[in-house]
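Colleague: These are the residues of each chain, in order.
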Amino acid sequence: MNLPTTLSDLRVHGEHLLQFQVLGSTALRVQRLRNERKLGALRMGPDDVLAPPPRALARMQELMSRHYLEGRYANGVRKVAWVTSGAPWEPLEALGFFPVYPENHAALCGVRRRAEANCEEAEAHGYSRDLCSYARTDIGTVLSGETPVGRLPRPDLLVCCNNICQTVLYWYEVLAHHFDCPLVVIDTPFLYGEAQEHQVAYVRRQFDEELVPTAERVAGRTLDERELVRVMLEARDASQLWREVLDRSRHRPAPMTAFDGFLLMGPIVNLRGRRATTEFYRDLLAELDARVERGVGAVAHERYRVAWDNLPIWYRLSKLSKLLAGRGVNVVASTYTYAWGELAPLMDPTDPLGSGARVYLHPILNRSTGHKLEAMRTMVEGFSLDGVILHSDRSCKPYSLGQIDQRDQIVDTLGVPALLLEADHNDPRAWSEEQSVNRIEAFIEMLETAAS
Amino acid sequence: MHDTIPSRSGALAVAREQGRAIVAVLPYHYPRALLRAHRCHPIEVWGPPFEPGDLGALHFQAYTCGIVVKATSFLVREGFDRVDAVLVPHGCDALQGMGSVLGDFVAPTPPVLTFYPPRRARPADRAYLVEEIRALGRRLAEVSGHTPDEADWAEALAAEEAADAALADLYHRRGRLDVDDRRFYEVVRAREYLTAEDFTALAASLPEHDGAPDADGDVGLLLSGIVAEPLDLFDRLRAMGARVVADDLATGWRRVYPPSTLADPYERLADRLLAAPPDPTLGAPLDARAGLLVERLRASGARGLLIYDVTFCEPELFAVPVLRERVTAAGFGVLHVEHELGTTLPNQTLTRIEAFVETLR
Ligand code: SF4
Ligand code: SF4
Numbered sequence: 055m056n057l058p059t060t061l062s063d064l065r066v067h068g069e070h071l072l073q074f075q076v077l078g079s080t081a082l083r084v085q086r087l088r089n090e091r092k093l094g095a096l097r098m099g100p101d102d103v104l105a106p107p108p109r110a111l112a113r114m115q116e117l118m119s120r121h122y123l124e125g126r127y128a129n130g131v132r133k134v135a136w137v138t139s140g141a142p143w144e145p146l147e148a149l150g151f152f153p154v155y156p157e158n159h160a161a162l163c164g165v166r167r168r169a170e171a172n173c174e175e176a177e178a179h180g181y182s183r184d185l186c187s188y189a190r191t192d193i194g195t196v197l198s199g200e201t202p203v204g205r206l207p208r209p210d211l212l213v214c215c216n217n218i219c220q221t222v223l224y225w226y227e228v229l230a231h232h233f234d235c236p237l238v239v240i241d242t243p244f245l246y247g248e249a250q251e252h253q254v255a256y257v258r259r260q261f262d263e264e265l266v267p268t269a270e271r272v273a274g275r276t277l278d279e280r281e282l283v284r285v286m287l288e289a290r291d292a293s294q295l296w297r298e299v300l301d302r303s304r305h306r307p308a309p310m311t312a313f314d315g316f317l318l319m320g321p322i323v324n325l326r327g328r329r330a331t332t333e334f335y336r337d338l339l340a341e342l343d344a345r346v347e348r349g350v351g352a353v354a355h356e357r358y359r360v361a362w363d364n365l366p367i368w369y370r371l372s373k374l375s376k377l378l379a380g381r382g383v384n385v386v387a388s389t390y391t392y393a394w395g396e397l398a399p400l401m402d403p404t405d406p407l408g409s410g411a412r413v414y415l416h417p418i419l420n421r422s423t424g425h426k427l428e429a430m431r432t433m434v435e436g437f438s439l440d441g442v443i444l445h446s447d448r449s450c451k452p453y454s455l456g457q458i459d460q461r462d463q464i465v466d467t468l469g470v471p472a473l474l475l476e477a478d479h480n481d482p483r484a485w486s487e488e489q490s491v492n493r494i495e496a497f498i499e500m501l502e503t504a505a506s
Numbered sequence: 054m055h056d057t058i059p060s061r062s063g064a065l066a067v068a069r070e071q072g073r074a075i076v077a078v079l080p081y082h083y084p085r086a087l088l089r090a091h092r093c094h095p096i097e098v099w100g101p102p103f104e105p106g107d108l109g110a111l112h113f114q115a116y117t118c119g120i121v122v123k124a125t126s127f128l129v130r131e132g133f134d135r136v137d138a139v140l141v142p143h144g145c146d147a148l149q150g151m152g153s154v155l156g157d158f159v160a161p162t163p164p165v166l167t168f169y170p171p172r173r174a175r176p177a178d179r180a181y182l183v184e185e186i187r188a189l190g191r192r193l194a195e196v197s198g199h200t201p202d203e204a205d206w207a208e209a210l211a212a213e214e215a216a217d218a219a220l221a222d223l224y225h226r227r228g229r230l231d232v233d234d235r236r237f238y239e240v241v242r243a244r245e246y247l248t249a250e251d252f253t254a255l256a257a258s259l260p261e262h263d264g265a266p267d268a269d270g271d272v273g274l275l276l277s278g279i280v281a282e283p284l285d286l287f288d289r290l291r292a293m294g295a296r297v298v299a300d301d302l303a304t305g306w307r308r309v310y311p312p313s314t315l316a317d318p319y320e321r322l323a324d325r326l327l328a329a330p331p332d333p334t335l336g337a338p339l340d341a342r343a344g345l346l347v348e349r350l351r352a353s354g355a356r357g358l359l360i361y362d363v364t365f366c367e368p369e370l371f372a373v374p375v376l377r378e379r380v381t382a383a384g385f386g387v388l389h390v391e392h393e394l395g396t397t398l399p400n401q402t403l404t405r406i407e408a409f410v411e412t413l414r
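Which chain is which? The protein sequence lines are S and D, in order.
Under our numbering, the residues of the first sequence are numbered 55 to 506, in order.
Under our numbering, the residues of the second sequence are numbered 54 to 414, in order.
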């Protein structure tokens with residue numbers, strides 16, 4: 055935390071203390087307790103197609119709301135870093151940075167139906183409608199200041215890691231131009247096959263020569279190795295727990311849906327390395343275990359189990375979830391949510407930067423189309439799936455290119471139906487309700503035929 | 054001057070006669086002399102624009118850029134049968150998808166080699182790039198069965214650097230050359246497939262004006278983008294009273310690599326790639342790129358910037374608003390148009406360009 059040295063600093067710190075630490079946090083805690091009570095009291099009615107969401111959702115909402123609330127008062131109190139979702143966060147956490155994940159904020163805009171207006175703002179400034187809709191949402195937010203969270207803090211540092219796509223490189227160049235603050239690029243060569251030593255060494259060297267020194271300079275302090283180890287330990291434990299949470303859906307009926315997962319992943323993306331995050335996933339896991347024990351499924355009558363590939367369609371999350379559940383389809387697994395859990399075994403807290411170099415080279419999006427097919431194949435077998443929905447995401451090319459062949463291979467070699475569903479993760483203008491529902495209905499008929 | 058420039062097929066036959074393995078190379082940046090030292094010859098595949106794209110559409114969605122769809126189509130239809138390997142440098146998410154899909158799903162194919170140039174030019178990037186070039190060299194040795202010795206390296210570096218110098222010289226002499234834009238770019242783009250010697254001779258053969266060039270009344274443009282196809286574009290610009298006085302094209306000036314003085318061949322190749330003019334596919338910082346474009350607009354006498362982008366090209370599209378802001382602030386006109394890679398120019402595009410040229414008069 056920055057220490058106040060002037061009167062204006064004192065005012066900023068005072069606001070942070072009063073509005074965030076005292077009033078806001080208390081109100082959110084009270085809200086969470088109420089929500090937990092409400093969720094705990096919910097019972098599935100005869101007409102319900104979905105079980106009530108896990109009670110832990112209330113805690114997740116508190117964690118995320120608290121995070122965005124602190125963001126409003128963070129400038130001047132904590133150094134703020136805007137980072138990509140695959141960025142090596144742990145050294146920044148250990149240095150006390152406040153994180154902003156523009157992708158997560160964009161998704162929030164999507165869920166709250168604010169993305170379209172922000173995309174249009176970016177487009178009015180010349181950003182093509184063909185660009186990633188997260189990027190457009192974020193750039194639109196930056197240009198207009200419009201956000202459902204009240205206010206996003208200005209970055210003191212930008213960290214862009216291209217282990218999810220190259221798009222973020224161009225996007226963060228735009229942010230660097232706008233905010234005129236340091237931009238650290240962590241370049242992670244795409245892995246067409248196994249990682250080679252020179253690729254791992256390259257990433258490690260960028261940690262040592264770029265990320266840490268620049269972050270230390272901006273933070274005005276030196277990275278404490280013990281703190282880094284502690285953060286890495288928390289990050290690994292939370293990632294491991296998240297993976298276990300997702301794996302609970304191997305049970306039949308599955309205690310949660312991937313749509314729940316899309317929401318519950320908020321803390322592992324945004325608040326990795328904190329004790330509260332680890333505890334949250336421990337509680338969630340316990341709740342799911344209790345559901346498994348009682349045989350409670352997330353979908354009232356789970357008949358078909360499918361996987362979801364690619365990002366969610368944020369602005370249709372609830373509708374899609376109900377549509378599928380109403381036909382007995384539970385989306386029990388997703389390549390997207392797994393991305394934040396599958397790398398836990400690579401994390402070694404005794405060698406945070408060394409193991410981090412491997413971890414941050416290996417997200418599914420930095421690996422080949424064949425590897426992604428293999429991941430889906432493993433899911434089909436491990437989760438006893440009846441089919442796969444591949445969201446062909448118009449403005450996310452790295453995730454989508456390759457899906458035509460993946461779909462064909464799933465059908466041909468695994469013998470399960472696979473649907474290529476055309477949409478966009480955050481831009482509702484790319485969604486055609488009638489056409490999409492028809493395609494989903496046809497897919498469900500294929501599941502029925504295959505089962506009979 | 055050569056009246057007709059040899060075709061890609063002609064160049065391929067010449068390279069085969071010389072005992073070289075043929076490598077189809079996708080855009081953009083790769084160490085050309087490395088291929089030569091390994092007795093390989095690159096023939097670059099930029100679409101081609103006349104390719105229908107239907108076979109590519111079996112692998113890539115409709116929102117994929119034309120270069121990737123058409124190049125895939127072309128390779129599947131006839132390219133794979135004519136080459137010994139395919140090299141897909143990593144330049145963007147679309148090329149990443151292409152390299153991966155070709156390697157993982159499109160069979161049978163000749164070996165698919167990949168190459169990932171770094172997105173910055175820091176010491177760590179340099180050290181990585183040297184190793185990445187070495188790794189590519191090992192793959193090339195498997196393709197051609199040849200590992201270069203010192204003499205191979207000396208010969209390859211001399212020939213390719215002479216060709217690169219000839220390309221740089223073309224740009225240097227541009228104002229004095231007695232050729233129109235279409236011819237200029239036909240020659241520049243012959244670097245994509247001719248042997249180094251043939252390109253060097255071709256470039257040297259372009260005549261210069263006896264007296265002063267007589268294009269004073271023309272509106273000078275700086276043309277930016279990936280690829281200026283179809284070549285008709287240049288004829289149409291001439292008919293509008295405009296000419297291209299400088300470019301920022303991936304198929305042009307962005308591949309005028311400066312020379313290097315380093316002795317080790319791998320370090321030398323890395324040094325030259327890292328010194329390439331600013332290119333978003335190499336992660337060039339946006340503000341620096343915009344600043345340089347303004348300087349080049351001033352130095353070239355251009356009155357405006359024509360940004361001519363392939364549809365769905367993210368690396369280019371992201372930069373447009375900032376380029377527009379900086380270039381406009383410096384007092385130059387800017388027009389951004391997108392085109393589907395193809396053989397005809399839509400009237401609407403031409404009308405917009407014509408109106409733009411008028412405003413610059
Ligand atoms: S949605 Fe896709 S293109 Fe956009 S930032 Fe994420 S990975 Fe990149
Ligand atoms: S045109 Fe653009 S998107 Fe297509 S391959 Fe080239 S850089 Fe990539």
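Keep in mind the hints are simulated off the structure, nothing from the lab.
Cβ coordinates follow ideal geometry from the N, Cα and C atoms, glycine included.
A couple of the hints might just be wrong.
Pairwise CB distance ranges (calculated) [stated by the list, open to error]: (1) S:262 / D:192: 26 to 34 Å; (2) D:228 / S:275: 49 to 57 Å; (3) D:221 / S:263: 51 to 59 Å; (4) S:428 / D:320: 47 to 55 Å; (5) D:228 / S:205: 52 to 60 Å; (6) S:79 / D:340: 54 to 62 Å; (7) D:381 / S:79: 44 to 52 Å; (8) D:317 / S:337: 40 to 48 Å; (9) D:396 / S:493: 29 to 37 Å.
Colleague: Now look at each hint and say whether the structure bears it out.
Modeller: Hint check results:
| no. | hint | in the structure |
| --- | --- | --- |
| 1 | S:262 / D:192: 26 to 34 Å | 29 Å, holds |
| 2 | D:228 / S:275: 49 to 57 Å | 55 Å, holds |
| 3 | D:221 / S:263: 51 to 59 Å | 32 Å, violated |
| 4 | S:428 / D:320: 47 to 55 Å | 37 Å, violated |
| 5 | D:228 / S:205: 52 to 60 Å | 53 Å, holds |
| 6 | S:79 / D:340: 54 to 62 Å | 39 Å, violated |
| 7 | D:381 / S:79: 44 to 52 Å | 47 Å, holds |
| 8 | D:317 / S:337: 40 to 48 Å | 57 Å, violated |
| 9 | D:396 / S:493: 29 to 37 Å | 34 Å, holds |
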